[in-house]
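Put together the whole structure using the sequences plus the hints.
Heads up: the sequence lines are chains A and B, in that order. Residue numbers for the first sequence follow the working numbering, beginning at 46 and rising by one. Residue numbers for the second sequence follow the working numbering, beginning at 52 and rising by one.
To be clear, the hints were calculated from the coordinates, so they are not data collected in a lab. Hints are supplied without guarantee of correctness; some may be wrong.
[To be verified] Partial list, computed: chain B residues near chain A (C-beta under 10 Å):
#1 Arg61
#2 Gly73
#3 Thr77
#4 Phe83
#5 Phe84
#6 Ile85
#7 Tyr94
#8 Ala142
#9 Ile146
#10 Ile151
#11 Gln251
#12 Leu336
[As the list claims (entries may be wrong)] Partial selection, computed: residues in chain A whose CB lies under 10 Å from chain B:
#13 Ile56
#14 Cys246
#15 Ala506
A quick note: this is a predicted structure, and the numbers were derived from the prediction, not measured. The beta-carbon is built from N, C-alpha and C at its ideal position, and this holds for glycine as well.
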Amino acid sequence: MVFASLIFLYIFLPLNLILYYVTKNAMYRNIMLTVFSFVFYAWGEPVWILLLVGSALIDWLNALWVDKSRGTKWAKAGVWSSVIFNIGLLVLFKYSGFLYENINNVFGLALAIPAFALPVGISFKVFQTISYVVDVYRGEIRTQKSFLKYMMFVSLYHHLVAGPIVRYAHIAHEVDNRRFKIKDISAGISRFCIGLFKKVCIANVAGEFVMKYMDGNLGTISSLEAWFGVIMFSVQIYFDFSGYSDMAIGLGKMFGFHYKENFNYPYIANSATDFWRRWHISLGTFFRDYIYIPLGGNKKRWILNLFIVWFLTGLWHGASWNFILWGLYFGVLIFFERLFLQKVLNKLGRFVSHVYLLFVAVIGWTLFHFTDFSRLKQYVGIMFGNTPHPNWSLSMQLVLQENMFWIALAFILCMPVYKYSMRFVRWVLRFDRYQIIWAKVWLMTFAFNFGVLFVCTALLAGKSYNPFIYYRF
Amino acid sequence: MGKSTRSKTRSILAMIHFWIFGIALTTFGIIFFITPKQTVSDYEKRKLSPFPTFSWNSFFHGGYIDSIDLYVADNFPYRDQLVEFSFGTKAWRGIKNDEIAFYDAADIKKADPVNVKPADSVSDTAATDTTAGPPGEEVNNLFIVEGRAMEIFGGNCNMAQSYARTINKYQTELKGKVQIYDIAVPSAIEYFAPPQYAKQYSNQKKNIDCVYGALDPAIKGVDAHSSIGAHKNENIYFRTDHHWTGLGAYYAYTAYCASAGLTPLQLNQMEHKQKTGYLGSLYWLTRDARLKETPDTVDYWKIPGKYKTTAQHKGSDKFYASSIYAEGASGANGYGVFLGGDYPLVKIESEVKNGKKAILVKNSYGNPFATYLPYHYETVYVIDYRYYTGSIAKLIEDEKVTDLIFLNGVFSINTSWHIMMIGKNLHGVGKKAPVPTPEDTTKPKKDSIIGKKEDSVPKEDGPKDE
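Take a look at the structure:
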């Protein structure tokens, strides 16, 4: 299931809220959340529920084992067992096809390529559980003794399918005792609506343009259209992903969990290094804490460590060479920034470094988008002028004209407008003796949320509109 | 105001927020469950997804659940109004050009109704209704200029000649048995696109000349192009639909009569009837407000005389009673007034006794044209080559048919699927029309870039109703 769907909004979510809050019994609530998470997960392919439960059980037992044999060499064995098991799952389901393909290519073999379907959210789940077992080993958290609670943590539908990568350490306390706070729920609803808006009103619309220019017939587009296409892809991927994270954070709040932020306005960054501190933060910190630093971090062989991390970051995004290339591309950029580029950028000033970042990010998204290298080559060629079509055409003009407000809105929302307006509101509220301003802000939020809900419902219903010229009765 | 009162007020407001939000969601959910469900959508010309029947296989592989998604999306309360509203929001995105709009075929023909993958088993899923059907070609790119929607024509001479060669095969085979006519019908853009946009589309006159130039000299090519063009100021093409009007077809009919040596009926010899407020296919594809402002009128002229009309339905050999004018046709189906829509074979018998019998081979473009013919023939057979499975050669032999007329719009003439189907009709295509392998029936697509869920989605292309 996905959050931005009618069935989730109008059937799944209200049922979940009602059945969750109908009693105060903590055990009952945990069961409810787990059951609903299972249903949510099963909505993709029910068969993967077995995998989810099975692997959660193994990780849970591993953590207990690590805890029990603490101080002995067996503790480490527990960690390795969990790491190998999880990475094994990932390799089996996500990378086996890719591995076989490459083995076939390198050795000229024709091994049958295994065709496993990818269980939804496995990349996120694997990192979540690895961090749990490792944190138990490091003594940073206490083991969760209840399998139900652990199962609930792993399967929580808020973050299971598309992140953020929620570490057990961050919500351990809330797994055991969540408190009902009406203000949290209210804030959660608002946050969810923001995410829904980002996904449905911005990302989905940008996606239409991406389809048209990047996934369409490359023989018919101009340079300008190619740039427009990839800029729209940059918009789409940011709003899609951060919208999803917002919805996850909002849902978490509705049920008493506080997840960490996953994005911090990445497109206002002024270097690749800065970009990655702001983009998919939970992934970056995972690689830092569980790969980069254990490998030796900045102290030992940092160049090798850096490239290992960026190779893996690329690979994590998908089983295809273009993702690896994309990861290494950022590795190289960050490498040069550490050597000298950052100093140069600092000298050149904020504006230039910001333009630099946007340029490299957009080029990066081109690498990210095309799994087919011949199309990638062709597309980059078109971007840099290798096309017979003139930049300015009637259809380009109409596309820009008919979407100018939307484009402006999308660009503005890449900037921390919300953050600063909230800061402003808080400042104003200091003088708000009689709650009048506060009431106004509340009313505006309220109106925004319902406006978003209504518009998104209509847009989602509009997606099902599928007219035929030819009768299909 | 003290801190505690402040905190209390805020809690109360948060409570109200939560309750109203919860109630809004729940209410819609409840309305969804209790409202009666429609089975078809007239606007979209398709069946709405029914609730799927359960099977373990389909359940475990996700097909069952995907069908539930489709069902919910298709049967959501107030869906028509919400869809209408969602199209309205497009106007907020920027400034519409008053004069012109451009619609990319890919934008209006969504391959991906609700982001679900096609079910594995065909029998128990709702998805099949939207995915099945022979692939022909897709909707073409559209122009909207001054309240008129027009498909952008991109045909070329090679394709047109390939169409002509197919008609020539009939001539070679049926030499001496029938007189063959070919009527190539231009589309609206040929007459109504402002000259400044001429670069955006191909010239249809040239394309039709390619057809006629390649025809066997024994075949008579009918010059509908200039006959229709002489009446540019009349209502010869719908503004909101991809078809021509009854009047446009009438002028093609007069051209045909000139070519076949018949005296055409004058308009005032026929009973003129009208249906107002018609919004056609191109409106429903784009939902463009500029089209809605000026709906079309469906005009039809009833020929004098008494006729017996029967029609074969798809997938059946039997003839059922039918009529030349389906006067009940209404709403989005207004064009259905001509012949009542598309049947594989319609047989119209008149009281005329002149020994002449005709076969008209057509798609929906030919329907209004067909209504004028029965006046001149003992029997007219109207064959829709997309559905007819019999052999035209045999029908000519058996029924002693004298005239064989091919009528096609330029879009069909320039589409290989249509050419192929016409070719196959010469000797019949057997019980079931062959379905050519689509180039790419499934295309992986993701709902969410980060969802990592690779969804392959059905791509619907069916034979286009020309």
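Going down the list of hints, with the structure as the test:
With a cut of 10 Å, the hint placing Arg61(B) at the interface with chain A holds, because the nearest CB-to-CB distance is about 7 Å. The interface hint given for Gly73(B) is met, as the beta carbon of that residue sits about 6 Å from the closest beta carbon of chain A, less than 10 Å. Hint status for Thr77(B): holds, given a least beta-carbon distance of 4 Å to chain A, under 10 Å. Using the Cβ-Cβ criterion of 10 Å, the hint placing Phe83(B) at the interface with chain A is satisfied: the shortest such distance is roughly 6 Å.
Residue-level restraint check for Phe84(B) holds (minimum Cβ-Cβ distance to chain A is 9 Å; threshold 10 Å). Checking Ile85(B) against chain A: minimum C-beta separation of about 13 Å lies over 10 Å; hint violated. Interface restraint check: Tyr94(B) against chain A, minimum CB-CB distance 6 Å, threshold 10 Å, status holds. Hint status for Ala142(B): holds, given a least beta-carbon distance of 9 Å to chain A, under 10 Å.
The beta carbon of Ile146(B) comes within 6 Å of a beta carbon in chain A, closer than 10 Å, and the hint placing it at the interface holds. This hint holds: Ile151(B) has a C-beta 7 Å from the nearest C-beta of chain A, less than the 10 Å allowed. About 7 Å separates the beta-carbon of Gln251(B) from the nearest beta-carbon of chain A, less than 10 Å, and the hint is met. With 10 Å as the threshold, the beta carbon of Leu336(B) comes within range of chain A, its nearest partner Cβ sitting at about 5 Å, so the hint holds.
Annotation: interface hint on Ile56(A) holds; nearest CB of chain B at approximately 5 Å, less than 10 Å. At a threshold of 10 Å, the smallest CB-CB gap from Cys246(A) to chain B is about 8 Å, leaving the interface hint in force. Given hint, Ala506(A) at the interface with chain B, holds; its Cβ is 4 Å from that chain's nearest Cβ, closer than 10 Å.
Violated hint: 6 only; the structure is consistent with all others.
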